[in-house]
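Undergrad: In case you want the letters, here they are:
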Amino acid sequence: MAQVSIQDSEIDIVIGAVQSDLTSFMEEWRPIFSRYHLIIVKDPDLKEELKVAGGFNVNVYTKSDIDRVVGSSSSTVLFSGYSCRYFGYLMSRKKYIISVDDDCSLAKDNKGNMIDIVAQHVSNLTTPATPFFFNTLFDPYRKGADFVRGYPFSLRNGVACALSCGLWLNLADYDAPTQALKPGHRNYRYVDAVLTVPTRMMMPVSGINIGFDRELVGPALLPALRLAAEGKFRWETVEDIWCGMCVKVVCDHMGIGVKSGLPYVWREERGDAVESLKKEWEGVKLMEEVVPFFQSLRLSKAAVSAEQCVVEMAAAVKERLGPVDPVFARAADAMVNWIKLWKVAGSQTAVA
Amino acid sequence: MAGASVSPTPLLKDELDIVIPTIRNLDFLEMWRPFFQQYHLIIVQDGDPSKVIKVPEGFDYELYNRNDINRILGPKASCISFKDSACRCFGYMVSKKKYIYTIDDDCFVAKNPSGEEINALEQHIKNLLSPSTPFFYNTLYDPYREGADFVRGYPFSLREGVPTAVSHGLWLNIPDYDAPTQLVKPRERNTRYVDAVLTIPKGTLFPMCGMNLAFNRELIGPAMYFGLMGDGQPIGRYDDMWAGWCIKVICDHLGLGVKTGLPYIWHSKASNPFVNLKKEYKGIYWQEELIPFFQSATLPKDCTTVQECYIELSKQVKAKLGKVDDYFLKLADAMVTWIEAWDELNLSGGDSAKLANGVGKLAI
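So the sequences go chain by chain: A and B. So the first sequence is residues 1 to 352, counted in the UniProt record's numbering. So the second sequence is residues 1 to 364, counted in the UniProt record's numbering.
No lab work stands behind these hints: they were computed from the structure. Misleading hints may appear alongside valid ones.
In silico lysine to any residue, SDA-like type, Cα no more than 25 Å apart, as pairs [claimed, not checked]:
hint, chain 1, residue 1, chain 2, residue 2
1, A, K47, A, E27
2, A, K143, B, D333
3, A, K278, B, F156
4, A, K111, A, E27
5, A, K182, B, D195
6, B, K111, A, G144
7, A, K279, B, N272
8, B, K51, B, S271
9, A, K279, B, L158
10, A, K143, B, K185
11, B, K320, B, D333
12, A, K285, B, K51
13, B, K269, B, P113
14, B, K282, A, K285
15, A, K143, B, S271
16, B, K278, A, K111
17, A, K279, B, R192
18, B, K279, B, G47
19, A, K318, B, K278
20, B, K185, A, Q308
21, B, K282, A, S154
22, B, K301, A, L297
23, B, K83, B, S50
24, A, K111, B, W266
25, A, K279, A, Q295
26, A, K143, B, P186
27, B, K301, A, R156
28, B, K323, A, K278
29, B, K111, A, D109
30, A, K111, B, K83
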């Protein structure tokens, strides 16, 4: 399949700095990232000075920038911890955003080559998705693959891909109970596939390694579900899982696609699953309510844009999940605030 | 949580039959000998019944040709295709085992990226004996595989999974393309080994290929009818597709799982694309009607067995697809005939092995 060629200038790399010293992280990624514009957002809760490596085309945002744009301190809470990256999504004016956690490094593929996650995410985002019928040879647009016998021809054009969910070698994105039970468990399996997650199938999107089309779904990548004791390790958050389900509902409603699989990043050892489990297990419990809600959520025909979809979703969250736990009522409010913010600060199209 | 045990995969040698349709010879079995010899084979001989199919020494098998099928099923034999590998489903019907593995006679043992020969049957057994997860997608693929698990965000209430009814394997070398794709890409070979098994989500249809397929006969057997193809029929190369759409609707309804991915076999023969095009031609534009039909098919709550689901589906085929072509009226009737034949042979406890034309015993 012919691929659209994408200019480097259409891409932003957004990094949420949950740790203060990013120099070794940036050095590690220099071969891949240095040709692109970077947006680094410092977690507003971080007290230490942020250290970044030189020689990059980068914009750094800190608490004072967030306060300036967002206004009230209650809104600043929206961007604390891992959610600081969403401020970067707000500020970006590019079509494609690639975002990885600051504890990830370059992985190698099964042939020993360094994985260019930007190229792979962009490839996923610029080739069609196929959410309406499953292709058993996975992504039919990859070189050396195609649609198999029995795949209806009318569905072979595919639809636009709005979200690309990558994976992780070494420390996989397991929850705290799973990792605590198997402390030595590491993911070494390189699965050489990208596939479209079928329509109406919900999935846990990990924020650790993603790419998305900001023009299509930007407003739906939002900070909303904040746990009472949310912490600075992924085991202590579910904000990205919530956000991912919102995006999947929006994509399913708009008839566009979500892909999962390549590229892989190498995720470093950090934190202690047992400690995280002792501190925070609320997230695991909440998923029992969250998943059935999103599985049954249907939006009205009137919701045409991603913003409209989010507003409708927020109302449904407030009505159906709000009574279950106050964390959901707060999430619904956060979604509404986010859309207001997006309209003011996020939606102007940039001059190239 | 997903099991981390590395206990050996059970052989299931008395619980699994290998069904092979053939028209030529079974030389390919020599390569599979280390993996298949312990299992009972059911060979369904298509084409000229007077031809003698030579089975390599040392295999325990029963063989059925067209005369046997006619003799055993009588008038109901009309539902079994002639001059098409779709006839293999007769083997599913006469089997007495819990599991079936079916493989084409141009499929050989493949090698994994480390150069080791792949025991396809063992992987299928692993797939069938571990649960499926059709309700929520796991981004690390099959969580029950050694070295994998459920990811963060996967609800614990869904981690038990559901029973797996079907294991759909893949193919290296000659990929399973349709005729138009074969014509456009005659040289394309599948060289990508994707080290994954995954559950096909509930509500999603897929093209099921019968070349390298295993299933739990007790859970889904009656729905594995491969339709009316070949001689006297307007269509071919849609037998496994038809079965795949039917079983997926029924599995979704009954809460059973379908897996796809590993194991790979090595597919050696590319069939003639011009011959294929003639066979598939009607199917290519009929499937534009078939897919919306299956995507929107629902089964009533009181259909709780596979047979009930299948009969209900046949009624819907008759009602909604009859207007596409009269073929579907015939097919709907054949679906009913198939279930009647299945129940006759399986619920009455008849010993059809005694009726086989050729029965080979393991020479020890």
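Undergrad: Can you confirm whether the C-alpha distance between K279 (chain A) and L158 (chain B) stays at or below 25 Å?
TA: holds (24 Å)
Undergrad: Sort out whether S50 (chain B) lies within 25 Å of K83 (chain B), counting only the CA atoms.
TA: holds (14 Å)
Undergrad: Against the 25 Å threshold, does the CA-CA distance of K279 (chain A) and R192 (chain B) hold or violate the hint?
TA: Roughly 43 Å between the alpha carbons, so the hint for K279 (chain A) and R192 (chain B) is violated.
Undergrad: Check whether the Cα positions of K111 (chain B) and G144 (chain A) lie no farther apart than 25 Å.
TA: holds (18 Å)
Undergrad: Does K111 (chain A) pair with K83 (chain B) here, judged by a C-alpha cut-off of 25 Å?
TA: violated (44 Å)
Undergrad: Next pair to validate is K111 (chain A) with W266 (chain B); report whether the Cα-Cα distance is within 25 Å.
TA: holds (22 Å)
Undergrad: Does the structure keep K282 (chain B) and K285 (chain A) at a Cα separation of 25 Å or less?
TA: Violated. K282 (chain B) to K285 (chain A) sits at ~52 Å, over the 25 Å cutoff.
Undergrad: Given the hint that K279 (chain A) pairs with Q295 (chain A), test it: the Cα-Cα distance must not exceed 25 Å.
TA: violated (29 Å)
Undergrad: Please verify whether K182 (chain A) and D195 (chain B) have alpha carbons no more than 25 Å apart.
TA: holds (22 Å)
Undergrad: Is it true that the CA of K51 (chain B) sits at most 25 Å from the CA of S271 (chain B)?
TA: holds (22 Å)
Undergrad: Holds or violated: K301 (chain B) and L297 (chain A), Cα atoms, limit 25 Å.
TA: Measuring from Cα to Cα gives roughly 23 Å; hence the hint holds.
Undergrad: Within 25 Å, alpha carbon to alpha carbon, are K285 (chain A) and K51 (chain B)?
TA: Roughly 65 Å separates the two Cα atoms, so the pair is violated.
Of the hints listed earlier, those the structure fails to meet are numbers 2, 7, 12, 14, 16, 17, 19, 20, 25, 27, 28 and 30, in rising order.
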